[in-house]
Each structure stands twice: as structure tokens, then as C-alpha cells.
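Student: We have chain W; now place chain Z onto it with these hints.
The primary structure of each chain is shown beneath.
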Amino acid sequence: MICVDNSEWMRNGDYSPTRFQAQADAVNLICGAKTQSNPENTVGVLTMAGKGVRVLVTPTSDLGKILACMHGLEIGGEMNLAAGIQVAQLALKHRQNKKQQQRIIVFAGSPVKYDKKVLELIGRKLKKNSVALDIVNFGEEDEEKAEKLEALLAAVNNNDSSHIVHVPPGPSALSDVLISTPIFTGDGEGGSGFAAAAAAAAGGVPGYDFGVDPNLDPELALALRVSMEEERARQEAAAKKAAEETSKQEKGEQQSTSQDATMTENVTAGSSETEKKTHDLTDDENALLQQALAMSMDDSSSTAAVRDTDMSDASAEDHDLQLALQLSVQEGAADQQNQTDVNKLLGDQSFMSSILASLPGVDPNDPHVKDLLASMQSQSENKDKDEDLKEEEKK
Amino acid sequence: MACLHDHSCEEHDCSSDWSLYKHIDLPKVSALNEAVPGSVKTVFRAWEQRLNSSEGYLESNEGDPELIVFIPFTSDVKLKSISIVGGADGTSPAKLRAFINRDGIDFSDAQNMQPVQEWELAENFQGVLEYQTRYSRFQSVGNITLHFPDNFGGDTTQIHYIGLKGEATQLKRDVVATIVYELMPNPSDHKTRAETGGGLSQV
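Protein chains in written order, with my numbering: chain W, 7 to 401; chain Z, 364 to 566.
Hints are supplied without guarantee of correctness; some may be wrong.
As the list claims (entries may be wrong) - Partial selection, computed: residues in chain W whose CB lies under 8 angstroms from chain Z:
#1 K104
#2 N164
#3 N165
As the list claims (entries may be wrong) - If you anchor each label on the Cβ, the simulated ranges turn out as follows:
#4 E545(Z) - K246(W): 49 to 57 angstroms
#5 Q502(Z) - D223(W): 56 to 64 angstroms
#6 A89(W) - L534(Z): 44 to 52 angstroms
Since the hints were derived computationally from the structure, they do not count as laboratory data. Where is the CB? At the ideal position from N, CA and C, for every residue including glycine.
The shape of chain Z in the complex, shown without the other chains:
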């Protein structure tokens, strides 16, 4: 279900199409089996920057090509297609399985559960390949979990860019949260300016 996206970009504006990254709740993005904690956040960029991985890329641990990326959105989105740019030398992911609106999926869950959709990926160094979704199933996506079980034979799996194409709605999923109220303030939550080393403190 891959289509070659080889055109001169004059007819329509690619960058605005691939702008779902703006609706990603970046602080809450997480990944499992990443070698450098937090490196998953560098993978979401504008379309023009898709090949520019100067800030870092997502790499799995040595000898283990599996990766799970959890992407929450700030509002519900309709997802049309996904684009993945992997690394060279067989470190590109070979398969992609997607789960929708599920919290806290780990590797044993991902292996046992039936994904909403899965794709066979090809090596995509220029970022021109996009993988369409079964649109009817991706109508109101509050968060999406991407599971990369395999790669093309490399020791680790590298992902340089994840692009998401679709529309953002203004709706938000109602989450019933168990909220914990503090009886006493937690000092680590209230760093004063004096501690962070800036400005005059007034007493």
C-alpha cells in the first residue's frame, strides 16, 4: 500500500499536508528500548526537515531491533498516511504495526495483540514513501503506538523521521483521570528563581 511520492511539490504544498507533527503532545511522547532516553522526540519535524537529523535520531539498544513509539496528540486527529525514514546498512525498520488509543503498551502486549493495521516497510532514505492507512479505522485518534518488530538485518534499528499526514479535529477525548491532590507542597516542584540561578529575589 505504498505510493511513490515523486513530484515537484508545486501543485500542492507538501509541508502543510505533513503538518500533523504540530498536534503531537511532544512532552508525553515516549519510546521503549531506545538507547538514549528522550531521543524519540527528535524524530518529529517538518516535512522540509525530514532528512535533517542533526539533532539526533531514534536508535534501539545494541542487538535488539525492536522499538515501540508512543505518540499522544493534543486533540483527536484523522490519520491519512505515515512516512518513515530509517537508517542505512540494514538499520531501517522492516515492519510496522500500529495500535490506536491504547495506553502503556509494552513489548509482550505488542507481540500478542492484533494491530489496527500493519505494513511491510521498504528502505526509504529520501523520505518519499508514504504508507496509507485504512482511513475509516483512523478517524478519531487520541494517541497512536507504533511497533517496529524487525529491521533489515542491522544490529540496531535507526529511525530518523516519522511523518504523519492527516487532519486535526478540535475534539479532545474525555479521559477519566485519577487525580491525586497534594496535602503539602513538594519542594522539587517549586524551584525558585534563586535556585535556578537567575534574577533578583525579592523578600
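So that you can see chain W by itself, here it is in the shape it has in the complex:
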């Protein structure tokens, strides 16, 4: 049974947005946690101020009803703590399921006008009827109030089932502070799971990296972590590229073909390849496009070959068109086209020599290599002749 303080003292703004709003949020959170932790839990709400102590909702497991009645509450009057607790005790006594444990949660925001003895008497009566009591001390602060509430708790407390929490005004919301207290976590119930999820959602994030509890959703947490690392790797590669680019510009421009020639199937070599390609396009506006290219370059070598050939064919000025061409080339492009392009490449003597120069352990001046090149060249020429013949026949 939750006792809400809706007295005039709740208009104050030292808890954002107002004390009353902070209290309402905390109440909603507590109700949610209790109903979720055990399907047989029921929660009721009563107001202690206003025209008098009034029970808004008798103990129910319907969260909607509780939220609805918290919605339309008005502020006014003075809080009557003793009467509030006694009415709460009565409401609990007439609960439907006698097996439920009885507990009262009191939000004490305004000054307490009863003296210690009266409160202790109430506390002893609660203890005798095995009712537990949780006190949330917030709002108005005077030394007597804290003392009185502590005395009340001492009278009620049976085996640590009752708790008190003092919440000083500050930047953190009332509900956030309450989440970590035993009021929320209950007596070791599943309420702690709900509390952890709520805390993560609220953005307080006690210890969860990505706002997702690995216990609740391990796959999502793993996916988030993996994508984070990928992004980090990408950014490192981009940073490296930028560094290399500036250093290359100092050395001077090289031939575009030789840059494209360094075609290997190694991913790490692919990054160096992109560096040289970016050197080819010294235009600053194309830096982003190059990064996109670099990423897509890592996918497959054949498509990379297509892009490379397009690059080599294009003239130096027409960069944008070339990039557009490349980007529009689908990965499912015709193999024939790939093949002819590759053959053209192979036919280009200077191109071949530069490729071979970059390959480790191969000396282009080696006679064997030269023979190979010659044979390949003749092959490509033959193929071209065949294609021409075919075209003529079709016509």
C-alpha cells in the first residue's frame, strides 16, 4: 500500500520538475516493479493530504488503474502521517488474498507534526500485526523529522524487513535514487531485474556499456559491441589513409596505372591500394567517396578489378564521372565484361610490369616472366580477334 504526500509542500521545485511530479514518477516505477516481480503482487494507493486521507485504489495488480489515478491528483492541504498509516493498515487487512505479505510504503515530504511517542506506538502496532514499512524521506528537512522517522522505523522493523531512505534535493531524480535502494529491490525478489532494466533505460547506466543489459539481451549487447569495434577499425583505417595521403602528396604524383596495378587479394594490401587511389584523386570533395570505395573494396577482388579498370581508363580530370560509374556498377555485373577488362589489363605491357614489380620475389626482367607475358599478350590478342569475328558474323 503506497501512501502519497499531496500536501502544499509538494509544489516546491527543488526536485525537478516539482516534488509532486518526482514523487509521482517514483510511485509509478515502484508499482511497475512490484507487479512485474511477482504475478500475485497487488499495489494500492492512498493520499495523506488534500481533504483528508483517501484511498484512491484498493490493492490491485492492474498497473493501468494505478497510473490513471496518479494522473489526476491535486495538491493541497496538510499531510496526516498517523492517519495515513492506519488507513493503509486497514486497507491491507481487508485484502483478498490473505497469503500476501503486508507492506506500506510512505512518501514523507512535508514536516511531521506527530511526536515520537505516537509514531512509536503506531510502529509497534504494525510490527505486532506483521506489517512491514518502507519510508521515503524527501522534501522538507528538519532534524526532528529525520529523528521521528528513524524512531518509527526502529519500532516497526522486524528482522530487517522495513527500510528508510533519505533523499536530499539534487540533480538526480527521486526515482533514480530509489532504484538502487532495498525499497525497490525488495527482499531479494525479481524486482531487481526490472530495476536494472529501468536504470539502463533511464540513462543512468550503472555499468552497462551500451544501455543494454547483457543478462536480458545478450545477442543485442554482442551485436552492439561488434559494430562498435568495426566502426573503430574503420575510423583507424581512415585516419591512417589521411596520414598516408598527406605524406604521399609531399613526395609527388605517380602514374595512375601503377597505382591501380597493385591489385592483390589481400585485405591489408587493399588498404594501401586505396591510399594510392586517393592520391590519384587529389580532389578534397571526393575523400568521403573514397572511403566508401575503400569499404566496398574489401568485399571482393573481382568487383575491385572492375573499378580499377574503370579508373585506369578515365582521364585525370573526370573524377566524378568515374566514381559515379564505379558506384553504379553492380556486383552482379557480367563476367564477360570482367574478363575482357582483365584481359586488356594483362595486355598492357607497362601495367603488367608494374604489377610484377610490386609482387614480392618477382623480377620483371627475369626471362621466364618475360616469356609468360608475351604468351599472355598473344592470347589476349587472339581473343580480341575472335570476338571481332563473332561480331562480324552476327551482323
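Tutor: Chain Z in isolation, oriented as in the chain W frame:
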């Protein structure tokens, strides 16, 4: 209505007479105003053990001698008599009021309601006193609530043994229960062996 039960126990077997404790639904036994939660369960023993309160006894809170003990049975019983062994130095209960087949009686209810029967108790350290019931009223007892409003002047009330004599029938009271069905399993209800620290878990 107390009778002295002073005999040599050869003629009839006392222990079998006082065997209603076997029909008590012990996990559901509860007490109000007990100093140590759960201590009420130690009070139900065999007749021979009635003076042996090594496992603990039921004591009320400081300065408050009232006690309520709620005893549900596993089946309906016919209750013939009750025996109470209290503590020394005025901590024995002085009065006993009994209510039958009522759930969730607390102190304000107990004080206002008319009991089915009440007795004036005497100090009974040897456990030889038994208090007979009006048998016609105790024919089908599904649960019984014992209210001890007073003691002999001590600060607390101590009860070391509660003995019940009677017959158990095989009948059960039909209880219309509001059952709540879970949509999702509650993890705290399903402690695995790994958590309780024993055995090999097989995946």
C-alpha cells in the same frame, strides 16, 4: 474444565492419542507478535518430546504478552482436547481463546470476535494438564486460531509446547481459491542445482 492426567501411561498409549500434530500443515503455520519469525513451528512435537524445547520455543515481543497462533490442518480433524506448556516466571499464558475455520485473524479481530470456546489456563510446566473442548463444536476443524491475550505477569509470553488430541478424518474442506496463472516463469521459483551449489549440470 481441566483434568489431571496423572497416570503411568501403561493403560493407554498417550503418544498415539496426542498425535494430531502429524496432521498439521506445518509450512502454513503462522503466528502474530512472535519475536523470532518462524519459531512457532517448533512448538508442535510428539507427546514424549513435549518438555524438550531444545529447538526453540515461541516467545512474544518484549512488553507485549499477546500471541496469536494460526494452525491449518491437512485434512479436517475432530478436536478433543488441547494441552499447553508455557514458560516459567509468569510467562505462561493465562487465557486461551479459540476460533475455528477463519482465515487471517489479527489482534483487533480476535479481541472483538466471540471465540468458539475459551479457557482459563493454569501454569503447566510438566505438560500434564489438558483442556477439553466442547466436542460438538469441534467436529470438522480445517484450521484453528489460538489467541493468548494474557499471561501470568511476565514481560513476554513463552509457549514451549502445544498438544492437540483428537481424530483425523480423511475429508478435506473445499476451498474456492483464486488461482493466479503466470504468463512468464518467475526465476526465483526455479532455482537450478547449479545455483544451489550441488551436482553436475548437463547442457
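Student: If you check the beta carbons of E545(Z) and K246(W), does the distance land in 49 to 57 angstroms?
Tutor: This hint holds: roughly 55 angstroms between Cβ atoms.
Student: So does A89(W) sit 44 to 52 angstroms from L534(Z), Cβ to Cβ?
Tutor: Holds, at about 46 angstroms.
Student: Using the beta carbons of Q502(Z) and D223(W), state whether their distance is inside 56 to 64 angstroms or not.
Tutor: 59 angstroms, holds
Student: Once the shortest beta carbon distance from N165(W) to chain Z is found, is it less than 8 angstroms?
Tutor: 6 angstroms, holds
Student: Tell me if K104(W) is really an interface residue toward chain Z, meaning its C-beta lies closer than 8 angstroms to one of theirs.
Tutor: Interface hint status for K104(W): holds (4 angstroms vs cutoff 8 angstroms).
Student: Answer holds if the nearest beta-carbon of chain Z is closer than 8 angstroms to that of N164(W); otherwise answer violated.
Tutor: 7 angstroms, holds
Against the hints set out earlier in the document, no violation occurs for any number.
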